[in-house]
Amino acid sequence: SSEGEEPSSQFRRRVFRRLREAMEGSSEPFEPAREVAEAALPAEGTPDAPSAQLEATPASGQVDPSARLTGTVAFYSKLKGYGFIDVSEKGKIPDDRLFVQWQSIQSSDRWPFLVKDMEVEFSVKKEKDRTGKEGWRAKAVTVPGGGPVQLQEKLDAEQKSFIGGQSIRYTGKLKFYSPRCGYGYITLDPGQELKDAQGNPVPSEVRVERTEVNSGTEQPQRMQDLAVEFGLWRTERGEAKAYNMTLPGGSALTQAALENRQTVGSQTYRGEVKMWSWKQAFGFIKPEASVPLPPNVQAKLTQQNEAAQSKAATRGREASKEELLYFRKSDVKPDVSLRAGTQVMFQLYVDDRGAGANCIEAI
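The numbers in our numbering rise by one with no breaks, and the one at position 59 of the sequence shown is 64.
It is worth saying that the hints were derived from the structure and are not from the lab. It cannot be assumed that every hint is accurate.
What the hints assert, rightly or not - Label-pair distances were calculated between CB atoms; the ranges are: (1) E198 to L160: 27 to 35 Å; (2) Q272 to G187: 38 to 46 Å; (3) G196 to K284: 41 to 49 Å; (4) P99 to P153: 25 to 33 Å; (5) A304 to S82: 31 to 39 Å; (6) Q314 to K180: 25 to 33 Å; (7) K180 to S295: 23 to 31 Å; (8) Q285 to K133: 15 to 23 Å; (9) S82 to P153: 29 to 37 Å; (10) K200 to N301: 46 to 54 Å; (11) R185 to D357: 17 to 25 Å; (12) V148 to T268: 26 to 34 Å; (13) P99 to S166: 27 to 35 Å.
Said to hold, decoys possible - Heads up, simulated DSS-like pairs for lysine-lysine below, C-alpha to C-alpha not over 27 Å straight-line: (14) K133 to K338; (15) K291 to K326; (16) K133 to K95; (17) K178 to K133; (18) K334 to K144; (19) K144 to K133; (20) K97 to K138.
Quick reminder that beta carbons are idealized off the backbone N, C-alpha and C, glycines included.
Please model the entire structure based on the sequences and the hints provided.
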């Protein structure tokens, strides 16, 4: 092979692995991300890794992070989830241009995005890139005046051919959704024999793409055998696909909703970050022993730890014996940087899989 070309055997392994993950009849058990994470956590903890960031605007000059600025979107890739904003107030930001990611867009759209030449309002935040160099980024991006960015429904109405109408909803069971592959398949519930405007029948199984998974502001997780609600549209090639897939009733497919998360009171606790994985966006916190946890939280935590120990044993590994609270990136307050050893304050929640921390902020 030519220099830099991937060997054919490696390529085949990658293709076969992705196909196996997406296959309907995969024999591999469905493992929730938390169980895998807990079982993989070694007894001595995991060293922290630097935050993965794309290069931001160099941090120089005087910038007030609390100030609201305006600008025009110079470029934005909906597929990649990032772009750049040209700042109207010249001289406040080096090069008068800011990097923006989709997580910084305040929007109710299922996949927040911006469009070129769109006018926006925003604040700024300082972050480090991969090299450790500090830079400025846009945060809390809205339309001028502070309103949420809402583009999805209008864009869909202009670009999609809906089966039954844009607001018509159908029900079915999500056979699987793979975040790695970016798609899944839904089986329509019986009694919904549908035809499009041309009289073409809709198959009993339809594909759902990543952009049609309504997971709020979160990345969608792997899902399987789940009751869902959705619309239907037909592509230019005539293929029927799912549109705006949600839980029955219209709720977003967030981690909290899928795991039946329940916040436990409003009391704040203290603890230390024992592990934080920037790449996989999860971590563990060891709560201070001086303040006992509520009995229901402690029971869930013990149950969670025992399950992790059992799973690790089946894999011939040794998991941490510490009772640690699980958390995700979405549980951390905006603009808070974490690493192993960071002292934090947090609130508690319980769900189907155990206990965790949210509303996390560094002390």
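Here's how the hints hold up against the structure:
no.: 1; hint: E198 to L160: 27 to 35 Å; verdict: holds (30 Å)
no.: 2; hint: Q272 to G187: 38 to 46 Å; verdict: holds (40 Å)
no.: 3; hint: G196 to K284: 41 to 49 Å; verdict: holds (44 Å)
no.: 4; hint: P99 to P153: 25 to 33 Å; verdict: holds (28 Å)
no.: 5; hint: A304 to S82: 31 to 39 Å; verdict: violated (46 Å)
no.: 6; hint: Q314 to K180: 25 to 33 Å; verdict: holds (32 Å)
no.: 7; hint: K180 to S295: 23 to 31 Å; verdict: violated (48 Å)
no.: 8; hint: Q285 to K133: 15 to 23 Å; verdict: holds (19 Å)
no.: 9; hint: S82 to P153: 29 to 37 Å; verdict: violated (21 Å)
no.: 10; hint: K200 to N301: 46 to 54 Å; verdict: holds (51 Å)
no.: 11; hint: R185 to D357: 17 to 25 Å; verdict: holds (23 Å)
no.: 12; hint: V148 to T268: 26 to 34 Å; verdict: holds (31 Å)
no.: 13; hint: P99 to S166: 27 to 35 Å; verdict: violated (45 Å)
no.: 14; hint: K133 to K338; verdict: holds (17 Å)
no.: 15; hint: K291 to K326; verdict: holds (11 Å)
no.: 16; hint: K133 to K95; verdict: holds (23 Å)
no.: 17; hint: K178 to K133; verdict: violated (42 Å)
no.: 18; hint: K334 to K144; verdict: holds (16 Å)
no.: 19; hint: K144 to K133; verdict: holds (14 Å)
no.: 20; hint: K97 to K138; verdict: holds (19 Å)
Hint compliance for this structure: hints 5, 7, 9, 13, 17 are broken, all remaining hints hold.
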